[in-house]
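J.: If you're matching them up, the sequences are chains A and B in order. Okay, so the first sequence: first residue is 1 according to our numbering, each after it adds one. Okay, so the second sequence: first residue is 406 according to our numbering, each after it adds one.
By construction, these hints were calculated from the structure, which means they are not laboratory data. In this text the structure is predicted, and so the values were computed from the model without any measurement. A few of these clues could be false.
Claimed, not checked - Distance condition first, Cα-Cα at most 25 Å in a straight line; then the derived SDA-like pairs of lysine to any residue:
1) B:Lys806 / B:Glu632
2) B:Lys803 / A:Glu182
3) A:Lys185 / B:Glu434
4) A:Lys60 / B:Glu546
5) A:Lys185 / B:Lys497
6) A:Lys73 / A:Phe371
7) A:Lys398 / B:Glu434
8) B:Lys499 / A:Glu190
9) A:Lys153 / B:Glu464
10) A:Lys2 / A:Pro64
11) B:Lys499 / A:Gln148
12) A:Lys185 / B:Thr460
13) A:Lys2 / A:Thr34
14) A:Lys151 / A:Asp240
15) A:Lys151 / B:His533
16) B:Lys596 / A:Pro64
17) A:Lys72 / A:Pro393
18) B:Lys497 / B:Asp445
19) B:Lys558 / A:Glu182
20) A:Lys60 / B:Thr460
21) A:Lys151 / B:Pro517
22) B:Lys691 / B:Tyr506
23) A:Lys92 / A:Val74
24) B:Lys596 / A:Asn96
25) A:Lys153 / B:Pro520
26) B:Lys495 / B:His698
27) A:Lys151 / A:Lys185
28) B:Lys495 / B:Met681
29) B:Lys640 / B:Glu620
30) B:Lys590 / A:Gly391
31) B:Lys556 / A:Asp79
32) B:Lys432 / B:Asn743
33) A:Lys73 / A:Leu336
34) A:Lys151 / B:Pro483
35) A:Lys185 / B:Lys432
36) B:Lys407 / B:His533
37) B:Lys432 / B:Tyr506
38) B:Lys499 / A:Ser192
39) B:Lys465 / B:His444
40) B:Lys465 / B:Leu801
2 protein chains.
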Amino acid sequence: MKKPHIVILGAGYGGIMTTVKLQKSLKVEDASITLVNNHDYHYQTTWLHENAAGTIHDEKTRIPIRDLIMNKKVSFIPDTVVSIHPEQKKIKLKENDCLYYDILVIGLGIEPAIPNIPGAEEYSLTVHDINSARYLREHLEFNFASYQNEKEKDPGRLNIVLAGSGYPVIELAGELANRIPELCKAYDVEKSLVRIINLEESSHVFSQFDSQLAEYAMNSLTSRGIEFITGVTPKECREDRIVYEKDHKTKHLLTRTIICTDSVQASSVLEDVSAMNSNGKVDVQKDMRTMEHDNIFVLGSAAQVFSEGRQCSYPPTVRATVQQSAVVAHNIKAILNNEEIIHFHPSFLGTATSLGHNDGISEGTNGRKLFGWKAAFMKIMNENRYLLELGGPSLLMKKGKFNFF
Amino acid sequence: MKKPHIVILGAGYGGIMTTVKLQKSLKVEDASITLVNNHDYHYQTTWLHENAAGTIHDEKTRIPIRDLIMNKKVSFIPDTVVSIHPEQKKIKLKENDCLYYDILVIGLGIEPAIPNIPGAEEYSLTVHDINSARYLREHLEFNFASYQNEKEKDPGRLNIVLAGSGYPVIELAGELANRIPELCKAYDVEKSLVRIINLEESSHVFSQFDSQLAEYAMNSLTSRGIEFITGVTPKECREDRIVYEKDHKTKHLLTRTIICTDSVQASSVLEDVSAMNSNGKVDVQKDMRTMEHDNIFVLGSAAQVFSEGRQCSYPPTVRATVQQSAVVAHNIKAILNNEEIIHFHPSFLGTATSLGHNDGISEGTNGRKLFGWKAAFMKIMNENRYLLELGGPSLLMKKGKFNFF
Numbered sequence: 001m002k003k004p005h006i007v008i009l010g011a012g013y014g015g016i017m018t019t020v021k022l023q024k025s026l027k028v029e030d031a032s033i034t035l036v037n038n039h040d041y042h043y044q045t046t047w048l049h050e051n052a053a054g055t056i057h058d059e060k061t062r063i064p065i066r067d068l069i070m071n072k073k074v075s076f077i078p079d080t081v082v083s084i085h086p087e088q089k090k091i092k093l094k095e096n097d098c099l100y101y102d103i104l105v106i107g108l109g110i111e112p113a114i115p116n117i118p119g120a121e122e123y124s125l126t127v128h129d130i131n132s133a134r135y136l137r138e139h140l141e142f143n144f145a146s147y148q149n150e151k152e153k154d155p156g157r158l159n160i161v162l163a164g165s166g167y168p169v170i171e172l173a174g175e176l177a178n179r180i181p182e183l184c185k186a187y188d189v190e191k192s193l194v195r196i197i198n199l200e201e202s203s204h205v206f207s208q209f210d211s212q213l214a215e216y217a218m219n220s221l222t223s224r225g226i227e228f229i230t231g232v233t234p235k236e237c238r239e240d241r242i243v244y245e246k247d248h249k250t251k252h253l254l255t256r257t258i259i260c261t262d263s264v265q266a267s268s269v270l271e272d273v274s275a276m277n278s279n280g281k282v283d284v285q286k287d288m289r290t291m292e293h294d295n296i297f298v299l300g301s302a303a304q305v306f307s308e309g310r311q312c313s314y315p316p317t318v319r320a321t322v323q324q325s326a327v328v329a330h331n332i333k334a335i336l337n338n339e340e341i342i343h344f345h346p347s348f349l350g351t352a353t354s355l356g357h358n359d360g361i362s363e364g365t366n367g368r369k370l371f372g373w374k375a376a377f378m379k380i381m382n383e384n385r386y387l388l389e390l391g392g393p394s395l396l397m398k399k400g401k402f403n404f405f
Numbered sequence: 406m407k408k409p410h411i412v413i414l415g416a417g418y419g420g421i422m423t424t425v426k427l428q429k430s431l432k433v434e435d436a437s438i439t440l441v442n443n444h445d446y447h448y449q450t451t452w453l454h455e456n457a458a459g460t461i462h463d464e465k466t467r468i469p470i471r472d473l474i475m476n477k478k479v480s481f482i483p484d485t486v487v488s489i490h491p492e493q494k495k496i497k498l499k500e501n502d503c504l505y506y507d508i509l510v511i512g513l514g515i516e517p518a519i520p521n522i523p524g525a526e527e528y529s530l531t532v533h534d535i536n537s538a539r540y541l542r543e544h545l546e547f548n549f550a551s552y553q554n555e556k557e558k559d560p561g562r563l564n565i566v567l568a569g570s571g572y573p574v575i576e577l578a579g580e581l582a583n584r585i586p587e588l589c590k591a592y593d594v595e596k597s598l599v600r601i602i603n604l605e606e607s608s609h610v611f612s613q614f615d616s617q618l619a620e621y622a623m624n625s626l627t628s629r630g631i632e633f634i635t636g637v638t639p640k641e642c643r644e645d646r647i648v649y650e651k652d653h654k655t656k657h658l659l660t661r662t663i664i665c666t667d668s669v670q671a672s673s674v675l676e677d678v679s680a681m682n683s684n685g686k687v688d689v690q691k692d693m694r695t696m697e698h699d700n701i702f703v704l705g706s707a708a709q710v711f712s713e714g715r716q717c718s719y720p721p722t723v724r725a726t727v728q729q730s731a732v733v734a735h736n737i738k739a740i741l742n743n744e745e746i747i748h749f750h751p752s753f754l755g756t757a758t759s760l761g762h763n764d765g766i767s768e769g770t771n772g773r774k775l776f777g778w779k780a781a782f783m784k785i786m787n788e789n790r791y792l793l794e795l796g797g798p799s800l801l802m803k804k805g806k807f808n809f810f
């Protein structure tokens, strides 16, 4: 009898944790496992704002996949998924031959959606993977170096615009506030010439937070020089500026750095498997399988758990994805052995948002609020816990964060 | 009686060494000394190719002027010289009030001359100071990061064109050959996609070297992937390419990095003092004073010593400039004390050209040739000797090069 073939697409939090759990729980003779990912490394998405600001090098964020998988149990194919064909249980890859699966796990994550503003595709930046984070880091350094080296100085080179006020933008603002003084020193730029400006469409920033936490975040960021402009309608991105409307007036803000990290949607290849819902995600059942296919699991930020006629609402945290990977790994083993499958019951420790090294805000599910270094410490502990779970103490020692203060 | 006022313009090799020597040999009551420089740091011009390639950080190359001067003897003014008026013994500065001198020392060095090719001003890069070296370093990293992050990849981002084959170009090529593998690793770029191409107008490269040394340099650089194209007439620099003619055919070479470091001329402000000769330099007498003014000294790369009806010919090395600073400092003291002035008699140790860390070629005045690590070692020893002379053992320990192998 042929061994069942489990294919895992994507080595983000969901995909890599499912792989690691399966290679522990399954024997070589139980199944063959193939992992497909477009890079030969896994990375921590929640650290990308630090890579982008330049406060943590991307080498620290990346973990080679070969360090995480057991070669005798898992085959790794570095490639990009072109399309999925559920009726033939087939996956088309860009460089390699087609793959055929018996059980499929999709952890392809989300893609940035370009804001619907003229010029945004050409002139706005996102932070959604190692390449784009690394690009932003170099873009900032390049503009500081250019400013110092050009005869006719363009003040826009020193203006950084952050659009929106979602978690990634806040965290990036916090890191940039810490990074800018270093950049000023390295490039002999007067700190007062540098502006970090948050443009927000609504009349309030941080509306997603409890008011006490929002106030703390606002104070922390403004005290470090971040400016907030609310009630803004972006009109156009150009090479050297952003054009926006406020109070029915058109404003031009000189800048070469417009960062939009708010809009995201599920990886487009998921549409081959299941229709996207209005949130740009795929509905899955409580056992993490899609509505349509009982041999296809979807997990992570592209999955929305559907239960008892309504969507489960929970913050899309790493913790939730890791919990889902445990459900997926358990259920795959259960399917192979005809055992009982289990359901995903999110148990949350709350959310923590960094405001730069050593500062942050967090809120537990019990409503407990934390500010400053306590929240930052909690976030770092969560990240270290993840590394421990993924690769044991040796990975934690290599990639963990230990410079708490 | 008013103390005589000595003004030193420029804190390059010549200016800073004259200042340091004068503050040792003169007492506070002998004269007041003012040093003017456009940055608050001195730097080693001979290290700029390393800063530009990114193999040595510019922080290592820079030395804060406050660490070199004695405040009670020397006043430092960070400013740019606008013009010199010898008849009024006056110097106009950009930001500060005019300065009046009794004795003037000019060590303003040389400026890059933009090649006379359409687009060169906009699209070619030079390496002539910390700002431009730092810019090139970031320009390279920015292009590697951009290449990885763009959908439609522009192979020109990975092509580096070096125009001409003077010392600075060869040294930069050697450093780049060492740096590129690091950049490829940091940005996940296939090394075979990167090209470093030297475009040379004449039919031979390295014609300024002894044939044995030239052959060694050629072998060393080509073995590390540098390509040489000779008999080239550059026609146009564009944002994404260089256009040149070879064998009566027009060629387009995709690149975003065109580096021209060959053409230099004396700082334009020197024309206020003395007419430039056909080499773009100022003729000085053997006591380092200009032909026209017996209270104005010029030294360093902008000065050409004129003696017995002909120009002294010697390579414009750091060693020669340091020797000139000793002559200038001695002669200023001699003028103040009505003692005998001395002449500049260059005594050379030869020239050493780096081909990247741990490799080089050198030729002594006795005709002795050195290759490889011996030449590189000799160059590093010269550089360390200079630091010792400038700031004593503590400066040598802080800024010296000690990683020989």
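J.: Please go over all the hints and tell whether each is borne out by the structure.
T.: How the hints compare with the structure:
1. B:Lys806 / B:Glu632: violated, 29 Å
2. B:Lys803 / A:Glu182: Distance of about 21 Å is within 25 Å: holds.
3. A:Lys185 / B:Glu434: Given that 25 Å is the threshold and the Cα spacing comes to 37 Å, the pair is violated.
4. A:Lys60 / B:Glu546: Holds, at about 18 Å.
5. A:Lys185 / B:Lys497: With Cα atoms ~29 Å apart, Lys185 of chain A and Lys497 of chain B exceed 25 Å; violated.
6. A:Lys73 / A:Phe371: Distance of about 44 Å is beyond 25 Å: violated.
7. A:Lys398 / B:Glu434: The hint is violated at about 61 Å.
8. B:Lys499 / A:Glu190: Holds, at roughly 18 Å.
9. A:Lys153 / B:Glu464: Roughly 23 Å between the alpha carbons, so the hint for Lys153 of chain A and Glu464 of chain B holds.
10. A:Lys2 / A:Pro64: Answer violated: Lys2 of chain A to Pro64 of chain A is near 30 Å, above 25 Å.
11. B:Lys499 / A:Gln148: Since the Cα atoms of Lys499 of chain B and Gln148 of chain A sit roughly 18 Å apart, the hinted pair holds (cutoff 25 Å).
12. A:Lys185 / B:Thr460: holds, 20 Å
13. A:Lys2 / A:Thr34: It holds: about 15 Å lies between the C-alpha atoms, which stays within 25 Å.
14. A:Lys151 / A:Asp240: holds, 17 Å
15. A:Lys151 / B:His533: holds, 14 Å
16. B:Lys596 / A:Pro64: Holds, because 19 Å separates the two Cα atoms, which is no more than 25 Å.
17. A:Lys72 / A:Pro393: At roughly 22 Å apart (the allowed maximum being 25 Å), Pro393 of chain A and Lys72 of chain A satisfy the hint.
18. B:Lys497 / B:Asp445: holds, 19 Å
19. B:Lys558 / A:Glu182: violated, 31 Å
20. A:Lys60 / B:Thr460: holds, 21 Å
21. A:Lys151 / B:Pro517: holds, 14 Å
22. B:Lys691 / B:Tyr506: holds, 22 Å
23. A:Lys92 / A:Val74: Holds - the C-alpha atoms of Val74 of chain A and Lys92 of chain A are around 19 Å apart, at most 25 Å.
24. B:Lys596 / A:Asn96: holds, 22 Å
25. A:Lys153 / B:Pro520: holds, 23 Å
26. B:Lys495 / B:His698: holds, 13 Å
27. A:Lys151 / A:Lys185: holds, 20 Å
28. B:Lys495 / B:Met681: holds, 20 Å
29. B:Lys640 / B:Glu620: Roughly 29 Å separates the two Cα atoms, so the pair is violated.
30. B:Lys590 / A:Gly391: Since the Cα atoms of Lys590 of chain B and Gly391 of chain A sit roughly 24 Å apart, the hinted pair holds (cutoff 25 Å).
31. B:Lys556 / A:Asp79: holds, 16 Å
32. B:Lys432 / B:Asn743: holds, 16 Å
33. A:Lys73 / A:Leu336: Cα-Cα ~16 Å, so holds.
34. A:Lys151 / B:Pro483: holds, 18 Å
35. A:Lys185 / B:Lys432: violated, 36 Å
36. B:Lys407 / B:His533: Roughly 39 Å between the alpha carbons, so the hint for Lys407 of chain B and His533 of chain B is violated.
37. B:Lys432 / B:Tyr506: Satisfied, since the Cα-Cα distance of roughly 18 Å is no more than 25 Å.
38. B:Lys499 / A:Ser192: Holds - the C-alpha atoms of Ser192 of chain A and Lys499 of chain B are around 22 Å apart, at most 25 Å.
39. B:Lys465 / B:His444: holds, 16 Å
40. B:Lys465 / B:Leu801: Distance of about 11 Å is within 25 Å: holds.
The earlier numbered hints that this structure contradicts are 1, 3, 5, 6, 7, 10, 19, 29, 35, 36.
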